[in-house]
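Protein chains in written order, with our numbering: chain A, 11 to 122; chain H, -12 to 97.
Note that these hints are calculated values from the structure, not bench results. Wrong hints could be hidden among the right ones.
[As the list claims (entries may be wrong)] Quick list of in silico lysine-lysine cross-link-like pairs, PhoX-like style, CA-CA up to 25 Å:
| no. | chain 1 | residue 1 | chain 2 | residue 2 |
| --- | --- | --- | --- | --- |
| 1 | H | Lys(-12) | H | Lys96 |
| 2 | A | Lys74 | A | Lys24 |
| 3 | H | Lys24 | A | Lys51 |
| 4 | H | Lys96 | H | Lys24 |
| 5 | A | Lys74 | A | Lys107 |
| 6 | A | Lys107 | H | Lys96 |
| 7 | H | Lys58 | H | Lys(-12) |
| 8 | A | Lys107 | A | Lys30 |
| 9 | A | Lys51 | H | Lys96 |
| 10 | A | Lys51 | A | Lys65 |
| 11 | A | Lys107 | H | Lys44 |
| 12 | A | Lys24 | A | Lys65 |
| 13 | A | Lys65 | A | Lys107 |
| 14 | A | Lys51 | H | Lys(-12) |
| 15 | A | Lys107 | H | Lys(-12) |
| 16 | A | Lys30 | A | Lys65 |
| 17 | H | Lys44 | H | Lys24 |
| 18 | H | Lys4 | H | Lys(-12) |
[What the hints assert, rightly or not] Among chain A residues calculated to face chain H with C-beta under 8 Å, some are:
| no. | residue |
| --- | --- |
| 19 | Pro18 |
| 20 | Gly26 |
| 21 | Ser53 |
| 22 | Ile103 |
| 23 | Tyr108 |
| 24 | Gly110 |
| 25 | Phe113 |
| 26 | Ser115 |
| 27 | Arg118 |
| 28 | Val122 |
[Said to hold, decoys possible] What the simulated footprint calls covered on chain H by chain A, stretch by stretch (three residues with Cβ under 8 Å from a Cβ of chain A suffice, anywhere in the stretch; the number is not a length):
| no. | region |
| --- | --- |
| 29 | 32 to 46 |
| 30 | 63 to 72 |
| 31 | 79 to 89 |
Even glycine gets a Cβ: it sits at the ideal position worked out from N, Cα and C.
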Amino acid sequence: GAVVSQHPSWVICKSGTSVKIECRSLDFQATTMFWYRQFPKQSLMLMATSNEGSKATYEQGVEKDKFLINHASLTLSTLTVTSAHPEDSSFYICSAKYYGYTFGSGTRLTVV
Amino acid sequence: KNQVEQSPQSLIILEGKNCTLQCNYTVSPFSNLRWYKQDTGRGPVSLTIMTFSENTKSNGRYTATLDADTKQSSLHITASQLSDSASYICVVSAGNMLTFGGGTRLMVKP
């Protein structure tokens, strides 16, 4: 079955630094990947749609200069949280569409 | 506005008991409805997917139903196990757009 690998599973960083999260489709090619953010006890909120070879499409209210998305290949999309602040601490999840939507295992980001 | 409402928000049951989770949606145009299980600190894992013409789908002890006329779905868990403790999320597709429900947090106690 389709597998989406997400790394790291957790990361702690200092305020003001940048953090990169990787999302890989292991056994299929994904022209489109999705990035979500999830706060405790809440459901997933779509942040952006990542398109291979083109610019990502961001949801309203999501700062594209803060959350940089790169989808340089058919199997890899990255989300970089730039100049992270404590309020960016959250659970970030990616997904890719392959006969349905497969999700990565998520990344817990803590900014201190 | 597309919306997916799930109930209850949380549920506690004893191990071995059955339970049913509800999902009501107002999503148009409807493509399909998925139920996902999300363990704490993990990504969602697909349980079932149903299209407009399907009214029931099973995956082991999980059985999902869909009533496209009333725009309601349910997820029935039989003979619950401690490992069933998780959040269950109903997701409705309108083309390539997904609308997520708020989830039901299930806790199975011994």
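These are the hints, each one checked on the structure:
Taking the CA atoms of Lys(-12)(H) and Lys96(H), the gap is about 37 Å. The hint is violated against a cut of 25 Å. Distance hint between Lys74(A) and Lys24(A) is fulfilled; the C-alpha atoms sit about 21 Å from each other, no more than 25 Å. Pair hint Lys24(H) plus Lys51(A) holds up; C-alpha atoms about 14 Å apart against a cutoff of 25 Å. This hinted pair checks out: Lys96(H) and Lys24(H) have alpha carbons roughly 18 Å apart, not beyond 25 Å.
Distance restraint check for Lys74(A) and Lys107(A): the Cα-Cα separation of roughly 22 Å lies within the 25 Å cut-off, and the hinted pair is therefore satisfied. Pair hint Lys107(A) plus Lys96(H) does not hold up; C-alpha atoms about 35 Å apart against a cutoff of 25 Å. This hinted pair checks out: Lys58(H) and Lys(-12)(H) have alpha carbons roughly 15 Å apart, not beyond 25 Å. For the suggested pair Lys107(A) and Lys30(A), the alpha carbons sit about 22 Å apart, so the restraint of at most 25 Å is met.
Taken as a hint, the Lys51(A) and Lys96(H) pair is honoured in the structure, with Cα atoms around 19 Å apart against an allowance of 25 Å. With a C-alpha separation of about 31 Å, the suggested pairing of Lys51(A) with Lys65(A) is violated against the 25 Å cut-off. With a C-alpha separation of about 21 Å, the suggested pairing of Lys107(A) with Lys44(H) holds against the 25 Å cut-off. For a cut-off of 25 Å, the pair hint linking Lys24(A) to Lys65(A) is broken: about 28 Å separates their Cα positions.
Among the hinted pairs, Lys65(A) with Lys107(A) is consistent with the structure: their alpha-carbon atoms are about 18 Å apart, no more than 25 Å. Distance check on the hinted pair: Lys51(A) and Lys(-12)(H) sit about 23 Å apart at the alpha-carbon level, within 25 Å; holds. For the hint pairing Lys107(A) with Lys(-12)(H), the CA-to-CA distance comes to about 24 Å; that is within 25 Å, so the pair holds. With a CA separation close to 17 Å, the supplied pair Lys30(A) and Lys65(A) stays within the 25 Å bound.
Among the hinted pairs, Lys44(H) with Lys24(H) is consistent with the structure: their alpha-carbon atoms are about 15 Å apart, no more than 25 Å. Among the hinted pairs, Lys4(H) with Lys(-12)(H) is inconsistent with the structure: their alpha-carbon atoms are about 36 Å apart, more than 25 Å. Using the Cβ-Cβ criterion of 8 Å, the hint placing Pro18(A) at the interface with chain H is not satisfied: the shortest such distance is roughly 13 Å. A hinted interface residue such as Gly26(A) counts as satisfied when its beta carbon comes closer than 8 Å to some beta carbon of chain H; here the least separation is about 26 Å, so the hint is violated.
Because the smallest distance between the Cβ of Ser53(A) and any Cβ of chain H comes to about 5 Å, under 8 Å, the interface hint for this residue holds. For Ile103(A), the interface hint holds, the least distance from its beta-carbon to any beta-carbon of chain H being 5 Å, beneath 8 Å. For the restraint placing Tyr108(A) at the interface with chain H, the shortest Cβ-Cβ distance is roughly 11 Å, beyond the 8 Å limit, so the hint is violated. Taking 8 Å as the C-beta cut-off, the interface hint given for Gly110(A) holds, the closest approach to chain H being about 6 Å.
Interface restraint check: Phe113(A) against chain H, minimum CB-CB distance 4 Å, threshold 8 Å, status holds. The interface hint given for Ser115(A) is met, as the beta carbon of that residue sits about 5 Å from the closest beta carbon of chain H, less than 8 Å. Interface restraint check: Arg118(A) against chain H, minimum CB-CB distance 6 Å, threshold 8 Å, status holds. Interface restraint check: Val122(A) against chain H, minimum CB-CB distance 18 Å, threshold 8 Å, status violated.
For the region 32 to 46 of chain H, the assignment as covered by chain A holds, since 3 residues bring a beta-carbon within under 8 Å of that chain's beta-carbons and 3 suffice. Requiring three or more residues with a Cβ within less than 8 Å of a Cβ of chain A, the coverage given for the region 63 to 72 of chain H is violated, as only 0 such residues are present. A stretch counts as covered by a chain when three or more of its residues have a beta carbon under 8 Å from one of that chain; for the region 79 to 89 of chain H and chain A the count is 5, and the coverage holds.
Checked against the numbered hints listed earlier, the structure breaks hints 1, 6, 10, 12, 18, 19, 20, 23, 28 and 30; every other hint is satisfied.
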